[in-house]
Amino acid sequence: MLSRTASNLFWLGRHMERAETASRLFEVGARITLLPNTAEGYQNEWQSLLRATGVSDRFAARYDEVSEENMEKFMIFDRDNPSSVASCMHDARESGRIVRTALTSRVWDALNVSWQEMRGMEPGQEDAADLADFVARHAATVHGAIDGTQLRNDGFHFMKLGYALERADSTARVLDVKYFVLLPRVEFVGSGLDSYQWQVILRALSAHRAFHWAYGDDVSAGRVAHFLILNDESPRSLMTSVLEALSHLDALVRRYGQDVPHSARDRAQALADRLGSTDIEDIFDEGLHEFLSDFIREIGDIANRVQADYFHGRG
Amino acid sequence: MYYNEMLDGTKVREAYAGLSDWVDQMPAEIRQMKQAEAEALFRRIGITFAVYGEGGDPDRLIPFDMMPRIFTQSEWRRLERGIKQRARALNAFLRDVYGRGEIVRAGRIPARLVYQNDAYEKAVVGFVPPRGVYSHIIGIDLVRTGRDEFFVLEDNCRTPSGVSYMLENREIMMRMFPELFRGNRIEPVDGYPDLLRRTLETVAPAKCQGRPRVVILTPGHFNSAYYEHSFLANLMGVELVEGADLFVEGEFVYMRTTEGPKRVDVIYRRLDDAFIDPLTFRRDSMLGVPGLMDVYRSGGVSICSAPGAGVADDKAIYTFVPEMVRFYLGEEPILKNVDTWTLWKDDDFKYVMDNLGDLVVKEVHGSGGYGMLVGPRSTKAEIEEFRQRIKANPSNYIAQPTLSLSTCPTFVNEGVAPRHVDLRPFCLCGERIELVPGGLTRVALKEGSLVVNSSQGGGVKDTWVLSE
Chain A
261 MLSRTASNLF WLGRHMERAE TASRLFEVGA RITLLPNTAE GYQNEWQSLL RATGVSDRFA
321 ARYDEVSEEN MEKFMIFDRD NPSSVASCMH DARESGRIVR TALTSRVWDA LNVSWQEMRG
381 MEPGQEDAAD LADFVARHAA TVHGAIDGTQ LRNDGFHFMK LGYALERADS TARVLDVKYF
441 VLLPRVEFVG SGLDSYQWQV ILRALSAHRA FHWAYGDDVS AGRVAHFLIL NDESPRSLMT
501 SVLEALSHLD ALVRRYGQDV PHSARDRAQA LADRLGSTDI EDIFDEGLHE FLSDFIREIG
561 DIANRVQADY FHGRG
Chain B
681 MYYNEMLDGT KVREAYAGLS DWVDQMPAEI RQMKQAEAEA LFRRIGITFA VYGEGGDPDR
741 LIPFDMMPRI FTQSEWRRLE RGIKQRARAL NAFLRDVYGR GEIVRAGRIP ARLVYQNDAY
801 EKAVVGFVPP RGVYSHIIGI DLVRTGRDEF FVLEDNCRTP SGVSYMLENR EIMMRMFPEL
861 FRGNRIEPVD GYPDLLRRTL ETVAPAKCQG RPRVVILTPG HFNSAYYEHS FLANLMGVEL
921 VEGADLFVEG EFVYMRTTEG PKRVDVIYRR LDDAFIDPLT FRRDSMLGVP GLMDVYRSGG
981 VSICSAPGAG VADDKAIYTF VPEMVRFYLG EEPILKNVDT WTLWKDDDFK YVMDNLGDLV
1041 VKEVHGSGGY GMLVGPRSTK AEIEEFRQRI KANPSNYIAQ PTLSLSTCPT FVNEGVAPRH
1101 VDLRPFCLCG ERIELVPGGL TRVALKEGSL VVNSSQGGGV KDTWVLSE
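First to last, the sequence lines map onto chains A and B. Basically our numbering = 1-based index in the first sequence + 260. Basically our numbering = 1-based index in the second sequence + 680.
Just so you know, these hints were derived from the structure itself, not from any lab. As the structure is a prediction and not an experimental result, all values here were calculated from the model. Even for Gly, the Cβ is constructed at its ideal location relative to N, Cα and C. Incorrect hints may appear among the rest.
Said to hold, decoys possible - Listed next, the stretches of chain B that the computed footprint assigns to chain A, with coverage defined by at least 3 CB atoms under 8 Å from CB atoms of chain A:
no., segment
1, 916-926
2, 1081-1087
To be verified - If you want the ones that stay clear, here's a sample from chain A, every Cβ over 12 Å from chain B, calculated:
no., residue
3, 319
4, 469
5, 483
6, 521
7, 543
8, 550
9, 561
Stated by the list, open to error - Across the chosen pairs, the derived CB separations fall in these ranges:
no., chain 1, residue 1, chain 2, residue 2, range
10, B, 900, A, 389, 37 to 43 Å
11, B, 974, A, 537, 55 to 61 Å
12, B, 861, A, 468, 48 to 54 Å
13, B, 682, A, 404, 26 to 32 Å
14, B, 900, A, 567, 19 to 25 Å
15, B, 1009, A, 567, 51 to 57 Å
16, A, 408, B, 865, 34 to 40 Å
17, B, 691, A, 377, 36 to 42 Å
18, A, 408, B, 711, 31 to 37 Å
19, A, 404, B, 689, 55 to 61 Å
20, B, 720, A, 411, 56 to 62 Å
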């Protein structure tokens, strides 16, 4: 497969997943500001959210006030924000357009329709939950089309690898938002508010029902963190995402043989091993934020190695 | 009086016999619904590009008219013979002018028009590409003026576009009106991508081992015809590459893949000569592959169409194509040329100046319906303004009589009305010369308009050839 094609497929996966993350984060933000929790007012939560996604400078340069209205514009519609839903959907569709030959018509159709519909929307029409639903629905259609119709060849693995790495990154960031919101106010730990916020996080990750199936009703920090970090049955957990990335990297190594470099696979294997031998107490002892920052860096490193192993084309 | 392709007076012609009931029986609301459906299909497939490199909004849709344009088998056979004959002559001409130049030595074509032509590539003089074929895909633009009267408007020997429309128009017609296709009366065109791939494989270079690897080279996804490039690559089962995906090492060209470099044998390029190799042509080109021409000249890769093929489809060279048919093939041309006055000749210049109001004047290198004057449809002031432009640089222009382009019934707001059409069939040249039964019919949707270009309000139609 052409290196450029592989790279576009990888980014198609990443951008679709990133679009979903942006809308989830916005929904988390909107829900958390509904809580009567802070002395400083709601701005604090939105600020944390901007910091967690690493785009607060960009926001500050374009908007003077931190409000839900501006956040909606910025996180959902703003094409100057590369992480906004609109930018990600556009980029995913553009990657798809470039590699049309590697996509089934169903996948292209889903990508194209999602972008056309996104393009037809305006800020202020829908509330946060409906926006998140809209994005999740389109993301699911694209994902379903990929799973249902794409040949299980290297292109498929590059797309799914993009999804998996982005999902690992995204769950880590959503968790980090919770950290930023909660930890500066230690007196709330273990309170009803704390547990409510964890519920919000679970909802935002569409994992709220799944959590209750797995752990019952007791929503405590330790359990939610375990569910979203280490549980390999939880669909968006760091563990599941890393294992999924690893399975696609393994498939590529099997397909291409040992002569093609595989440093990304080796790195992903090491990360999976490390997660497997960690328990949730270790993570809280180390500090959730430190653990998550480390993890996000590690995922970035794997992505760089994917680039070096496969997208350079040597020569 | 214009030749009406469907009606002979009030009588329906043979080719359209099965169709007139279909048209008559379609209620207006069904028609509007189907038209909207067709548009949605095109938009959904993503087929929104300008035909023939006319530029403009890449997301613009070209209007699709559901009323097909139809040829009988015997009409088509004659056209086919004429097109193949012309294709053979054009390739013979290219082989000649990059070799001994017999046709120039014999005094049939002025040396200046060939050797000082901008499209003449000195870099390939003396090099004969595999099978002596220079132009592998030739799009020949035809107009009809009578039952047996077909004229060639121009030849496109470089990288003619529009074939994806031929294929998609058919696809959409078959999806929307399957009942019309029952009984196998209509010759299929969907063999084109396979035929193209096989044609390109037959011109693999001497050094190629095993089954040739064919790729399509595109300027990139910002190009207005990118959709077509990717559409063809998909149907042909070949990679669509950009310049940066290829590199030259030693005697060969390679593409960058996830498994390392892979050798490439045949490049179907949709990129102008000037951009394919910055070491040989334009130094500032970021689109091409440095060193490509050296590999080409040493038989390591085939480039289709061959660099330099453009010298055969120049509007000034056009006037000599019938001469080429006689000179190289010893045959009489089956397809006619439109009478053409070349303004650098004094007699022609005088005639054109005296009759400007009746003629069509075009720039030698113009395309897309821009920079032309349609005398009978222009105001006095426009004619006078154009006259000054011609006087400033006569050799930049040719003039032709205003042809009575045939009309084909077309769906318009008021119902069905005749509109002028042309035809571009696509002729493939490799080991053999072949074409699929069909082509792209363009239609001037504005009442009375003779300009079919999509940039000037033109649309497209499905083109049928009936089997016997």
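For each hint, the structure was consulted:
1. Counting residues of the segment 916-926 of chain B whose CB lies closer than 8 Å to any CB of chain A gives 6, so the stated coverage by that chain holds, three being the minimum.
2. Restraint check on the segment 1081-1087 of chain B versus chain A: 0 residues with Cβ-Cβ distances below 8 Å, three needed, restraint violated.
3. No beta-carbon of chain B comes within 12 Å of the beta-carbon of residue 319 (chain A); the shortest separation is about 30 Å.
4. With a closest Cβ-Cβ approach of about 35 Å to chain B, residue 469 (chain A) is found to remain outside the 12 Å limit, as its non-interface label requires.
5. Every C-beta of chain B lies more than 12 Å from that of residue 483 (chain A), the closest at about 41 Å, which supports listing it as non-interface.
6. At the 12 Å boundary, the C-beta of residue 521 (chain A) falls inside the reach of chain B, the nearest C-beta of that chain being 10 Å off.
7. The non-interface label for residue 543 (chain A) is consistent with chain B: the shortest C-beta to C-beta separation is roughly 35 Å, beyond 12 Å.
8. Listed as a non-interface residue, residue 550 (chain A) keeps its Cβ farther than 12 Å from every Cβ of chain B; the least gap is roughly 35 Å.
9. A cut-off of 12 Å between C-beta atoms confirms that residue 561 (chain A) is not in contact with chain B; the least separation is 20 Å.
10. About 40 Å separates the C-beta atoms of residue 900 (chain B) and residue 389 (chain A), a value consistent with the hinted range of 37 to 43 Å.
11. Between residue 974 (chain B) and residue 537 (chain A) the C-beta distance comes to about 57 Å, which sits within the given range of 55 to 61 Å.
12. The hinted range of 48 to 54 Å is satisfied by residue 861 (chain B) and residue 468 (chain A), whose Cβ atoms lie roughly 52 Å apart.
13. Checked against the hint of 26 to 32 Å, the pair residue 682 (chain B) and residue 404 (chain A) fails, with Cβ atoms roughly 53 Å apart.
14. Between residue 900 (chain B) and residue 567 (chain A) the C-beta distance comes to about 20 Å, which sits within the given range of 19 to 25 Å.
15. Distance hint check for residue 1009 (chain B) and residue 567 (chain A): the Cβ-Cβ separation is about 56 Å, which falls inside the suggested range of 51 to 57 Å.
16. Judged by the Cβ atoms, the range 34 to 40 Å given for residue 408 (chain A) and residue 865 (chain B) holds: they are separated by roughly 36 Å.
17. Against the hinted window of 36 to 42 Å, the Cβ-Cβ separation of residue 691 (chain B) and residue 377 (chain A) comes to about 50 Å, which falls outside the hint.
18. A C-beta distance of roughly 35 Å is found between residue 408 (chain A) and residue 711 (chain B), which places it inside the suggested range of 31 to 37 Å.
19. Here the CB-CB span from residue 404 (chain A) to residue 689 (chain B) is close to 57 Å, well matched to the stated 55 to 61 Å.
20. A beta carbon spacing of about 28 Å between residue 720 (chain B) and residue 411 (chain A) contradicts the range 56 to 62 Å that was offered as a hint.
In this structure, the earlier hints numbered 2, 6, 13, 17, 20 are contradicted, and the remaining ones agree with it.
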